[in-house]
Amino acid sequence: MPVGRQASEPAGVTSRVWPSGGQHLWPSGGSSSVQSHARGHLVYAATGVLTVHTDRGTSVVPANRIAWTPAGSTHRHRAHGDTDMRVVFLAPSLAGRLPDRPAVFLATGLAREVVLALSGPHHHGGTEPGYSRSARARLLRVLVDELREAQEQPLYLPEPRDDRLRAMARVLTETPEDNSSMAELGRTIGAGSRTLSRLMRNELGMTFYEWRTQLRIHHALVLLAEGHDITHTAHACGWANPSGFIAAFTHLIGSTPGRYRAGRHGAADSS
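Under our numbering, think of the first position of the sequence shown as 1, with each following residue one higher.
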């Protein structure tokens, strides 16, 4: 990454970086160091799937979404499947128009093309993409306008603060196929279902069903990126049959898992 605190670049990563952003080609399973930046930045996976981990939660970034990480947020990236990661940094004047927390947005066709143009390999002297400063400023304004108009996507999973919710999150993350009820999980971790419901509502702003479904879809995106078929993915994520998985996936992602896995998952599928 071009700005901020970081360790040396992980082995196997090919990068083109400059002050305004850049491109990182990650092998499947590649992970960045823990880092933070003085400016907020957007990341987009032109191919593959990214997860962005912060101390506030995890964002999953398939190829029809753009993730936002505010300035100063400690974070790391991980690639699932061979991943072409694009990065665009924003000046404070533009960053102030986006949320002050991590978020995931729909990548409209225009937003996607702007990110690719600003982070592509066509650059002068290896320092910046081939646009004048004023042209880049105009493109960045268009990009932020597109994101503000796009619906924020439910692909950001907040990190629980309460120890009881953290314990339940560990169980659900390690065994997403587990169909235990909230009451059954509560007995395992020593908390009542009424208490857990209140904590989830207050801390996470969602129900147990919504939380577990999002967590499972996160896991499904990773499995699909790693080449697993739909039936295996459905069962590994807790669905008894593929049809229920397909319905939940389509509702959350805006594309069937079959179309997504085949690569036909651009913004047009998510409108």
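Among the hints, erroneous ones may be present.
Unchecked claim - The following label-pair restraints were derived from C-beta to C-beta distances: (1) Ser-15 with Val-142: 23 to 33 Å; (2) Ser-31 with Ser-93: 27 to 37 Å; (3) Arg-161 with Arg-133: 57 to 67 Å; (4) Glu-174 with Asp-55: 18 to 28 Å; (5) Asp-178 with Ser-93: 27 to 37 Å; (6) Arg-133 with Gly-190: 28 to 38 Å; (7) Arg-187 with Ser-93: 21 to 31 Å; (8) His-235 with Pro-154: 21 to 31 Å; (9) Gly-57 with Pro-19: 36 to 46 Å.
It should be emphasised that the hints constitute simulated quantities derived from the structure, not laboratory data. In this text, a Cβ means the ideal position worked out from N, Cα and C, and glycines have one as well.
Cross-check of the supplied hints:
A C-beta distance of roughly 25 Å is found between Ser-15 and Val-142, which places it inside the suggested range of 23 to 33 Å. The hinted window of 27 to 37 Å between Ser-31 and Ser-93 holds, with their beta carbons roughly 32 Å apart. As the Cβ distance of Arg-161 to Arg-133 is approximately 42 Å, the hint placing it in 57 to 67 Å is violated. Checked against the hint of 18 to 28 Å, the pair Glu-174 and Asp-55 passes, with Cβ atoms roughly 20 Å apart.
The beta-carbon spacing between Asp-178 and Ser-93, approximately 46 Å, falls outside the hinted interval of 27 to 37 Å. Range check, Arg-133 to Gly-190: Cβ separation about 58 Å, and the 28 to 38 Å hint is violated. The supplied range of 21 to 31 Å is broken by Arg-187 and Ser-93, whose beta-carbon atoms lie about 52 Å from each other. In this structure the supplied range 21 to 31 Å holds for His-235 paired with Pro-154, their Cβ-Cβ distance being about 23 Å.
Checking the proposed 36 to 46 Å range against Gly-57 and Pro-19 shows it is violated: the Cβ atoms sit about 28 Å from each other.
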